[in-house]
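Take each chain as given, in its own frame, and dock them per the hints.
Protein sequences, first through last, are from chains A and B.
Residues are numbered in the numbering used here as their position in the first sequence, beginning at 1, plus a constant of 3.
Residues are numbered in the numbering used here as their position in the second sequence, beginning at 1, plus a constant of 3.
Treat the hints as calculated values from the structure; they're not laboratory data.
Please note that the accuracy of each hint is not assured.
To be verified - Here are some chain A residues pointing at chain B (derived, C-beta under 10 Å):
{"no.": "1", "residue": "Glu-52"}
{"no.": "2", "residue": "His-161"}
{"no.": "3", "residue": "Arg-166"}
{"no.": "4", "residue": "Ala-183"}
To be verified - FRET-style restraints, in silico, Cβ to Cβ:
{"no.": "5", "chain 1": "B", "residue 1": "Val-247", "chain 2": "A", "residue 2": "Arg-15", "range": "39 to 45 Å"}
{"no.": "6", "chain 1": "A", "residue 1": "Leu-23", "chain 2": "B", "residue 2": "Arg-134", "range": "30 to 36 Å"}
{"no.": "7", "chain 1": "A", "residue 1": "Arg-14", "chain 2": "B", "residue 2": "Arg-134", "range": "31 to 37 Å"}
{"no.": "8", "chain 1": "A", "residue 1": "Arg-15", "chain 2": "B", "residue 2": "Ser-103", "range": "33 to 39 Å"}
Claimed, not checked - Listing some non-contacts, in silico: residues in chain A with all C-beta distances to chain B over 12 Å:
{"no.": "9", "residue": "Gly-56"}
{"no.": "10", "residue": "Pro-121"}
{"no.": "11", "residue": "Leu-168"}
{"no.": "12", "residue": "Ala-170"}
{"no.": "13", "residue": "Met-201"}
{"no.": "14", "residue": "Val-209"}
{"no.": "15", "residue": "Leu-244"}
Note that the structure is predicted; figures quoted are calculated from it, not measured.
Glycine included, every Cβ here is placed at the ideal spot set by N, Cα and C.
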Amino acid sequence: MSSSRATVFVRRLIPPLAVLVIWQFLVTQYGVGDGFIPAPTEVLAALQEWIFGDGGRYSGSWWASLRDSALRVGAGFFAALAIGAPLGILIGRSRLASDLLDPLLQLLRPIPTASWIPFCLIFFGIGSGAAIALVAVGAFFPIILNATAGARHVSTLHLRSARMLDATPAQILWRVVLPAALPSLLVGARIALGLAWMLVVISEMVAVKSGLGYELWDAYYYNRMDVVVAAMVTVGLFGYLSDLAIVLIVRKYLFWNVSTAK
Amino acid sequence: MNTSATLSADAAHVAAGISVRGLKKVYRDDTGDVVAIDGLNLDIHAGEFLCILGPSGCGKSSLLNILAGFEKPTAGTATLNDEPITGPSRLQGVVFQDTSALFPWLSVYDNVGFGLRNVKLSKAQKAEKIRSTLKLVGLHDFADKWPHQLSGGMRQLASIARVLVTDSRVLLMDEPFAALDAMTRQQMQKKLIEIWQATKITVMLITHSVDEAIYLGSRVLVFTKRPARIAVEIPVDLPHPRVVTDPEFNRLKSTSLTHLGF
Numbered sequence: 004m005s006s007s008r009a010t011v012f013v014r015r016l017i018p019p020l021a022v023l024v025i026w027q028f029l030v031t032q033y034g035v036g037d038g039f040i041p042a043p044t045e046v047l048a049a050l051q052e053w054i055f056g057d058g059g060r061y062s063g064s065w066w067a068s069l070r071d072s073a074l075r076v077g078a079g080f081f082a083a084l085a086i087g088a089p090l091g092i093l094i095g096r097s098r099l100a101s102d103l104l105d106p107l108l109q110l111l112r113p114i115p116t117a118s119w120i121p122f123c124l125i126f127f128g129i130g131s132g133a134a135i136a137l138v139a140v141g142a143f144f145p146i147i148l149n150a151t152a153g154a155r156h157v158s159t160l161h162l163r164s165a166r167m168l169d170a171t172p173a174q175i176l177w178r179v180v181l182p183a184a185l186p187s188l189l190v191g192a193r194i195a196l197g198l199a200w201m202l203v204v205i206s207e208m209v210a211v212k213s214g215l216g217y218e219l220w221d222a223y224y225y226n227r228m229d230v231v232v233a234a235m236v237t238v239g240l241f242g243y244l245s246d247l248a249i250v251l252i253v254r255k256y257l258f259w260n261v262s263t264a265k
Numbered sequence: 004m005n006t007s008a009t010l011s012a013d014a015a016h017v018a019a020g021i022s023v024r025g026l027k028k029v030y031r032d033d034t035g036d037v038v039a040i041d042g043l044n045l046d047i048h049a050g051e052f053l054c055i056l057g058p059s060g061c062g063k064s065s066l067l068n069i070l071a072g073f074e075k076p077t078a079g080t081a082t083l084n085d086e087p088i089t090g091p092s093r094l095q096g097v098v099f100q101d102t103s104a105l106f107p108w109l110s111v112y113d114n115v116g117f118g119l120r121n122v123k124l125s126k127a128q129k130a131e132k133i134r135s136t137l138k139l140v141g142l143h144d145f146a147d148k149w150p151h152q153l154s155g156g157m158r159q160l161a162s163i164a165r166v167l168v169t170d171s172r173v174l175l176m177d178e179p180f181a182a183l184d185a186m187t188r189q190q191m192q193k194k195l196i197e198i199w200q201a202t203k204i205t206v207m208l209i210t211h212s213v214d215e216a217i218y219l220g221s222r223v224l225v226f227t228k229r230p231a232r233i234a235v236e237i238p239v240d241l242p243h244p245r246v247v248t249d250p251e252f253n254r255l256k257s258t259s260l261t262h263l264g265f
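With the rest of the complex left out, here is chain B (with noise of 0.2 Å):
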């Protein structure tokens, strides 16, 4: 693991690329063996915002948890800048689809300063570390605000802020926007695509929203049901912010409902 990287008050966010190989995860239940992926080969590029598309229960959760650390593969890799990830770490940061994945006894701005206690910095350089990643979600107002007083998309902002703050080199998204209506959605995506391009941190992001995915990657992986493969690899080359109603956008939607079975 890259634990030995100290961070420092002005470091960037290193972007850093993920590759996974044969990956096979089996889960045992009392109806038997649920092979959840089998022999998944994949890579995430340093920078790119990487958004896997697929159908409920395929494994797409199982793939985030892995990268995560949270679970371990029953066979086949997956790194981290080529080292293997053996457990999770502030390198790798995840958003839950959950809203509550906030610590509701802390403030906002101590949510977001959660993952710096460990860090060597003074506390000046960690208060200007927490303002200015608020700053960067647009929170700065909400500092002294406590998750309950937070709409779900503040809290959804909240939580990228806290992975942020960290330097982490990769945001793992589980459907983090899916707890959201449709109007908060919307903001939410031109906010975490801003976000982004200012960060370029690589980010990868499951969904089952079509036009969540054509919106905000870069690439797009659509899966296969269970075990989860990849279906069709389909590049977004349009220019941000993309307009929902463009022929190309509707082009790639098509593609994309076309592998998953519609």
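The shape of chain A in the complex, shown without the other chains (with noise of 0.2 Å):
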């Protein structure tokens, strides 16, 4: 049975809709939480000040701290994608280059990125350097091993078309290798996304004195749930806005690939 947009639409806000009901319900009704757990119009009201409130603790300072999450997560991920995607191209199409550095990936893989934060602070010192780092460092792995399946399973019916076609190795390269590899990749580049809010957050809780980590983690030893709370909001909502933009990439340049692109 098919459903109209409109109603589909209503049917999948009731859920969230439900938890906030309750939860506000719970907090102020029964003093659930013991006054650790912020109530989501308290939340709403934090985030206000945080945005629009001018200066101090918590106020007006929200910009600043995405402005500088998001460069993070952006130049950790592009940096991910510039070195991993060429290079997974190369392991999956080079016998060569799989037999050298697939077992070495292999072997750094399991290896859970937030270890990797003392080498961060080593190498760039407290400061954003390392957040780039080491979202780069969690970005890396996805981007470069789905790039490395994609561009091993082009179809060989498609090389052999090109070669007959008298397609150069270049251009087999750029109009056949690359495109074939595309969906896989850009799957690659949607869990890296993810990962990269993750890692941005963790390491700016530990490592950086700015950004959406920071103050969440600020706010948590000055016992103000709210602003943690708001700060939780906020970069699940900038996950999601970029997850969507990869999701839209999707849709626009991979609807020929009818696995895909829906």
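As structure tokens, this is what we get:
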């Protein structure tokens, strides 16, 4: 059975609204959380002050924190993409590169990204550099692994088709291997971007004195749980929006790939 | 190789002959050597429509892959217009059995234009060539569609077009209609004869449908089981369009079936 768009929209809206209403009710009417859990209305007020206030702790600093975190996510993500995508395609297409690099990658991959924090601090010091480095390390693996898989599974039919149509090796790379690997590469990019937001928060909690993660952790020490939740909501929202951006790119440019584009 | 041959906007399909002498192809696998072809001699005359009929796994596809330049013979020679075939080139184009051989990320127009990338023609000349080839195969109204929007039969027509557009001398077809339903298959056979009559390109078509071979071929070669040898040569002098209920058609059909062991 098909439902109208409006029906679907309302249906999808009900659970989040229900959670908010129950949460509000439990906190304000029954005192659940002993004052440590802020009600949604308090979170909204904190967020409003954080965004529109003028100076002072958790007042008006939202924009600068968001900008710092987003720039670190972007820088780390694009650094990982710039290194991981070409290297992954190389590993996927060259037996030599695969034999040389694949075992090394498989050894490094299981190391939890957060455990690289000490090295990030030693090399980049306390500041943006360490956060960007950590984001880049975390984003690198899903990107390179998916780029490798995509390049490795280019259809023999397409490679043979290109060769029989006198394509040069460069044309085969740019016009066959790259588009064929793109769906898989973008799957990797999507996972990487999700990880990037997680890692930027972790790194700002321990290694940087600015950004949404820093303010979140700072607010925890000052027992401002309303600000903590406001920071969580902010990171969640922008994580969602950056994910949506990739989904829209996939829809626009990979419509030909019937298995991923919907 | 004949790659020095330049194409002009109005070049006709100069048909070419293929000559195979003492051809041998051995595949190595875990269980030992598999001799697909052993000492095969055969000629494909310029402008003819040769059908090769044989049981599954008899080495027909190995022959096609060698003529296409995708595989090297273990021994013996294959020449195109007296030049040895050293690799794939647009002189001998292939239409694969799999209907997904078009590049899914390119429109029908760009798929057909792919083989003109390295051809010295003006943009307008290329566009004219692509349009006229699409018209020849009957896809002129589908230039702006994408492969996933076409039926299997149309995709095979587009595959034929991308070979014809480069002024290929030989069209090698590996069970091109095997994946299609019976009705579509008949339409495609009719269309293929029209295309062949219009271009006079040399065609070698592999099939295991006796009806298809006799409907299409100006000559039919029935292959033995592996290793592939020629069991019988059947010239088909019937005029096109052929009638499958014609007594002569059925006499040729029963000769083929006898040599296939039925």
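We went through each hint and held it up to the structure:
Checking Glu-52(A) against chain B by beta carbon gives a least distance of about 49 Å; that is not within 10 Å, so the hint is violated. For the restraint placing His-161(A) at the interface with chain B, the shortest Cβ-Cβ distance is roughly 6 Å, inside the 10 Å limit, so the hint holds. At about 4 Å, the closest approach between the beta carbon of Arg-166(A) and any beta carbon in chain B falls short of 10 Å, and the interface hint on this residue holds. Using the Cβ-Cβ criterion of 10 Å, the hint placing Ala-183(A) at the interface with chain B is satisfied: the shortest such distance is roughly 8 Å.
Distance hint check for Val-247(B) and Arg-15(A): the Cβ-Cβ separation is about 58 Å, which falls outside the suggested range of 39 to 45 Å. Under the hint 30 to 36 Å, the C-beta atoms of Leu-23(A) and Arg-134(B), about 59 Å apart, miss the expected range. The hinted range of 31 to 37 Å is not satisfied by Arg-14(A) and Arg-134(B), whose Cβ atoms lie roughly 49 Å apart. Between Arg-15(A) and Ser-103(B) the beta carbons are some 36 Å apart, a value that agrees with the proposed interval 33 to 39 Å.
The claim that Gly-56(A) lies off the interface holds: its Cβ sits roughly 50 Å from the closest Cβ of chain B, which is beyond the 12 Å cut-off. Under the 12 Å C-beta cut-off, the non-interface status given to Pro-121(A) relative to chain B holds; the minimum distance is some 44 Å. The beta carbon of Leu-168(A) sits about 4 Å from the closest Cβ of chain B, which is not more than 12 Å, so the claim that it is off the interface is violated. Distance to chain B contradicts Ala-170(A) as a non-interface residue, since its nearest Cβ pair spans about 7 Å, not more than 12 Å.
Listed as outside the interface, Met-201(A) is consistent with that label: its C-beta sits roughly 32 Å from the nearest C-beta of chain B, beyond the 12 Å cut-off. Non-interface status of Val-209(A) relative to chain B is upheld: no Cβ of that chain comes within 12 Å, the nearest being about 43 Å off. For Leu-244(A), the non-interface assignment is confirmed: its Cβ lies about 27 Å from the closest Cβ of chain B, beyond the 12 Å cut-off.
This entry does not satisfy hints 1, 5, 6, 7, 11, 12, going by the numbered hints stated previously.
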